[in-house]
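Got chain A; can you put chain B on it based on the hints?
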Amino acid sequence: MDATVTNTTSEGKTWGGGNKPLKASYGKLMMWFFIVSDGLSFSGFLAAYGFSRFKFIDSWPIADEVFTHVPFFHGNYPMIYVAFMTFVLIMSSVTMVLAVDAGHHMKKTKVIWYMFFTIIGGAIFVGSQAWEWATFIKGDYGAVETKGGKILQFLDAETGKRVALADFATTLPSERVGHERKNGIWYDSEGALPSYTIEEIKAGFAANSNLLIRTQTLTEKGEKTILSRDESLLRLNRDAVAVVEGANLIHNEYGTPLFADFFFFITGFHGFHVFSGVIINLIIFFNVILGTYERRGHYEMVEKVGLYWHFVDLVWVFVFTFFYLV
Amino acid sequence: MAHEHKLEIFRGLLKFKSNVTKIWGVLIVLSIVTAVEVVLGIYKPESLTENTFIRMKLLNWIFIILTIFKAYYITWDFMHMRDEVKGLRRAVVWTGVFLILYLVFILLTEGDYIFNVYDTGFQSWDF
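Chains A and B, in that order, give the protein sequences.
No gaps in the numbering here: position 263 of the first sequence is 847 in the working numbering, and each next residue is one more.
No gaps in the numbering here: position 101 of the second sequence is 103 in the working numbering, and each next residue is one more.
Pulled out of the complex, with its shape left as it was, chain A reads as follows:
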């Protein structure tokens, strides 16, 4: 009889919320569940990127040739800046986990300082991300697009280096003006015209005999195919229809537009996570300063935003690999 009574009471407690089978608080568990589902969203994006890349496996842009810039420095430094960004994010993850640790020991000043460094790291990362976007949108050398939407890039036959449109395009008198809304149907307009017309590029290319064309197609060795001078002339004069400078969602001078679309979408979604992480960290930071958690008796809120912040870092590790390395 006694045993039965004990059973029912402990049963009552089990389902009454007194029992913690996972030994974690409600808030932490919910953060973990959110992280799992958000992680699935990100893996969905990255898997979609993989899908598109496998679809165009023989003509995908080479990331090393796309992301080559470092702020305040001229020259060709593939990967360096992204590696720096990765390091900043890992570093801010470290200060975050140190803040959590200081919180466990109820050291308020330490928590404040470590959270401060975390926020600074996050801000540097978001700023770098914005700079990467700006550089990517602005473009590098410029290219022409063919009827089939393929990209043709220009390079010097002797050095093998890329050549910018401005270096060889001739200036032809032209009356081409941008089409504006006021001149036709209200929803029909076009953006800023490229600096050169396709005729100017063709004329400039014909005049400079040291120029060659590079297509999107990858060779066996994973490099872009370089056409001979005759093939280049033929290809340019027969197929090229438009000048592309920089990248947007429709045209992309680096290669297939899908690459730019995924770049904007995935790094944008991640950047938005970092941004919201910085905002949430700021809120918790001020709460720590105000002594909210000191009064509450524990710093679990720091731990929870910490989980989110580490998750953002975790996602970046994968984005870094699949966008910049692989």
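Calculated directly from the structure, the hints in this document are not laboratory data.
Treat the hints with caution; some may be incorrect.
To be verified - With a cut-off of at most 16 Å between alpha-carbon atoms, the simulated EDC-like pairs for lysine to aspartate or glutamate come out as follows:
no., chain 1, residue 1, chain 2, residue 2
1, A, LYS612, B, ASP85
2, A, LYS612, B, GLU86
3, A, LYS888, B, GLU48
4, A, LYS808, B, ASP128
5, A, LYS607, B, GLU86
6, A, LYS604, B, GLU86
7, A, LYS607, B, GLU6
8, B, LYS46, A, GLU807
9, A, LYS731, B, ASP128
10, B, LYS46, A, GLU649
11, A, LYS805, B, GLU52
12, B, LYS59, A, GLU804
13, A, LYS888, B, ASP85
14, A, LYS745, A, GLU807
15, B, LYS46, A, ASP648
16, B, LYS59, A, GLU807
17, A, LYS607, B, ASP85
18, B, LYS59, B, GLU48
19, B, LYS17, B, GLU6
20, A, LYS805, B, GLU48
21, B, LYS59, A, ASP642
Showing chain B alone in chain A's frame:
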């Protein structure tokens, strides 16, 4: 409040005296791995780009394995998964691993199929 931390990484190969030193230790491990990735990414050794395993370059396999390695240490030591109970660990990790592997497998297979359709079809896409 008691916060027990397991202070060993690499299956006990590396033991730390306190949680703070463990954090710095993990940072060093992660930085080294990132540096290795960047160096490999810049120099691309030919032996790794020319040989493949399951139709993917060895270099790319190395990148992916190192990424999972980094993800493990971020989750286990920064997010304190090492200190959570088995139930929570498995609920989070296996759910993700299973669903992601499945999704990646079907999408990459499908992408490869479409590539073959483009590649072997009579239609020219390059014009």
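Going down the list of hints, with the structure as the test:
1. A:LYS612 <-> B:ASP85: Measuring from Cα to Cα gives roughly 13 Å; hence the hint holds.
2. A:LYS612 <-> B:GLU86: 11 Å, holds
3. A:LYS888 <-> B:GLU48: 45 Å, violated
4. A:LYS808 <-> B:ASP128: 14 Å, holds
5. A:LYS607 <-> B:GLU86: With Cα atoms ~8 Å apart, LYS607 (chain A) and GLU86 (chain B) stay inside 16 Å; holds.
6. A:LYS604 <-> B:GLU86: Cα-Cα ~12 Å, so holds.
7. A:LYS607 <-> B:GLU6: 12 Å, holds
8. B:LYS46 <-> A:GLU807: 12 Å, holds
9. A:LYS731 <-> B:ASP128: 9 Å, holds
10. B:LYS46 <-> A:GLU649: 13 Å, holds
11. A:LYS805 <-> B:GLU52: Distance ~7 Å between LYS805 (chain A) and GLU52 (chain B) Cα, so the pair holds.
12. B:LYS59 <-> A:GLU804: 12 Å, holds
13. A:LYS888 <-> B:ASP85: Answer holds: LYS888 (chain A) to ASP85 (chain B) is near 15 Å, not above 16 Å.
14. A:LYS745 <-> A:GLU807: 13 Å, holds
15. B:LYS46 <-> A:ASP648: 11 Å, holds
16. B:LYS59 <-> A:GLU807: Within the cut-off at roughly 14 Å; holds.
17. A:LYS607 <-> B:ASP85: 10 Å, holds
18. B:LYS59 <-> B:GLU48: Given pair LYS59 (chain B), GLU48 (chain B) holds - Cα atoms ~10 Å apart, limit 16 Å.
19. B:LYS17 <-> B:GLU6: Status holds; Cα separation ~15 Å.
20. A:LYS805 <-> B:GLU48: 9 Å, holds
21. B:LYS59 <-> A:ASP642: 14 Å, holds
Hint compliance for this structure: hint 3 is the single one not met.
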